[in-house]
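> Under my numbering, the first residue of the sequence shown is numbered 516, with each subsequent residue one higher.
Note that these hints are calculated values from the structure, not bench results. No residue lacks a Cβ here, since even glycine has one placed at the ideal position from N, Cα and C. Be a bit skeptical, because a hint or two may be false.
[Said to hold, decoys possible] DMTMM-like, lysine to aspartate or glutamate: derived pairs with alpha carbons at most 25 angstroms apart: (1) K655 <-> D898; (2) K807 <-> E786; (3) K631 <-> E580; (4) K662 <-> D619; (5) K706 <-> E719; (6) K655 <-> E707; (7) K767 <-> E784.
[As the list claims (entries may be wrong)] Restraint ranges, calculated between C-beta atoms of paired labels, are given here: (8) T810 <-> P584: 41 to 51 angstroms; (9) K659 <-> K807: 25 to 35 angstroms; (10) P702 <-> R542: 44 to 54 angstroms; (11) I623 <-> E731: 17 to 27 angstroms; (12) I623 <-> L814: 33 to 43 angstroms; (13) S709 <-> N851: 44 to 54 angstroms; (14) N732 <-> K754: 24 to 34 angstroms; (15) N598 <-> R735: 46 to 56 angstroms; (16) R703 <-> K740: 30 to 40 angstroms; (17) D889 <-> L541: 24 to 34 angstroms; (18) R900 <-> E557: 45 to 55 angstroms.
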Amino acid sequence: MADHKRKSVRLPSKGIYNTAMSVLGLRAKGRHKAKYDRSGLEGVEAPYVVLSNHCSVNDWYLVGEAFLPERLNFVVTRHFYSNPLLEPLFWRVGAIPKDQFTPDVGTIKDILTAAKAGGNVMIFPEGRMTPHGRTETIEKSTVKLLKKLKMPVMALHMDGAYLTRPKWSKVDRKGRVDIKTTLLFTPRQLKEMSDDELYDRMKEVLTTDDFAWQKENRVRFRGGKFAEGLENLLYACPKCGGMLTTVTKGNKIECCACGNGAKLNNYYEFEKLSQDCVIPENIADWFDLLKKKETEAILSDENFEMRSHVVIRRPYRKKLEWLSEVGDGTLILNRNGLRFEGTQDGQPFELEVPTASMPALAFGCNQHVTLYKDGEYYSFVPDNRQESVRWSVVAELLYNLQSEKE
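Please construct the entire structure, taking both the sequences and the accompanying hints into account.
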């Protein structure tokens, strides 16, 4: 058992890349009603770096379509390279693997190699897809990379993409996506502007709030079972405070402990099930309440801890499956960091990541939490998979609280 070995980066295969983008571009325009404003590209010569906000699983082809006929070397999480069926395709289209939320020297080398070969490097500076429709933390290290590359920097901003395929949903919704390109920095600006000036400008252009956009545009999104899966993001009740008590069916989310709930309509508005229900204005506000509740719990208890039995899964390169179960044990999260105690391949196994080395913890809704340690990929599946998002929320809060103290 071993994670994939890094290969030399290549420029995207013209035939495969252009065919895929052309076909999926029709989907973007037809199903998603994508509207492209490419005026920012006028007068800008490739190669360049592309930065984009990250809202949905569809983002890669929404971005790719915007820059055709130019081909982009996308930086993507190495999680996808654990799939033996996807891995060869990713190499062919010039994708660059990245270990999430950990320094990855190999990725930097690959980016510099692609740029030197005349490639257009595409990066999501948030390093992850927003689960709630608003901007996640934008990595400051992006600024230093841009200064190294010394290339024009294009920004692409999407509105509505989250609402067409939110992280917690298994299905697309028909609606609208507005896409705008902007020349963010020239090579001269990269040289003359300070790191803080560059970072502030990057945040200004890439900041996302799909609910503010929806409030202004009021686009109707069509799809069945509109709220199903949302319980795997909004895991606590804003009325009784019950944890992991939310359930969904059709377009309804409800607390099974107290009955508090709402319908999610086709405009992503919550409609209370009754007048005494306590429901935030939108999904992002509800998620903010969860973080506030978790912060209060952490601050009120010096011995705060999460602990769950989990199955550990790893990539097996000799099997045609994405991840294979290799052991189980206890996952523990507290102020010291994340710790796993259990077995792997029938042998005792322990893994520890200190809080200071874990700015965030990747998760899949109702699936798992994942991390990279010394270049190796680990997936932990809790017995109650609904709590996957909670591990991510608490891990990031613990990191932020420690950083504030320091």
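> Confirm or reject each hint.
Status of each hint after checking the structure:
Under the criterion of a C-alpha separation no larger than 25 angstroms, the hint pairing K655 with D898 is inconsistent with the structure, at around 35 angstroms. Restraint check for K807 and E786: satisfied, since their Cα atoms lie roughly 23 angstroms apart, inside the 25 angstroms limit. A hinted pair counts as satisfied when its Cα atoms are at most 25 angstroms apart, and K631 with E580 qualifies at roughly 23 angstroms. With a CA separation close to 18 angstroms, the supplied pair K662 and D619 stays within the 25 angstroms bound.
For the hint pairing K706 with E719, the CA-to-CA distance comes to about 19 angstroms; that is within 25 angstroms, so the pair holds. Of the supplied pair hints, the one linking K655 and E707 holds, its CA atoms being roughly 17 angstroms apart against a limit of 25 angstroms. Proposed proximity of K767 and E784 is supported: the alpha carbons are some 12 angstroms apart, at most 25 angstroms. The beta-carbon spacing between T810 and P584, approximately 48 angstroms, falls within the hinted interval of 41 to 51 angstroms.
Against the hinted window of 25 to 35 angstroms, the Cβ-Cβ separation of K659 and K807 comes to about 33 angstroms, which satisfies the hint. Look at P702 against R542: about 35 angstroms separates their beta carbons, and that is not inside 44 to 54 angstroms. Between I623 and E731 the C-beta distance comes to about 39 angstroms, which lies outside the given range of 17 to 27 angstroms. In this structure the supplied range 33 to 43 angstroms holds for I623 paired with L814, their Cβ-Cβ distance being about 36 angstroms.
A hinted range of 44 to 54 angstroms for the beta carbons of S709 and N851 is inconsistent with their spacing of about 36 angstroms. A hinted range of 24 to 34 angstroms for the beta carbons of N732 and K754 is consistent with their spacing of about 30 angstroms. Between N598 and R735 the beta carbon distance is about 35 angstroms. The supplied range of 46 to 56 angstroms is therefore violated. Distance hint check for R703 and K740: the Cβ-Cβ separation is about 51 angstroms, which falls outside the suggested range of 30 to 40 angstroms.
Between D889 and L541 the Cβ separation comes to about 43 angstroms, which falls outside the hinted range of 24 to 34 angstroms. For R900 paired with E557, a C-beta distance near 47 angstroms keeps the hint of 45 to 55 angstroms intact.
Hints 1, 10, 11, 13, 15, 16, 17 from the list above are not met by this structure, while the remaining hints are.
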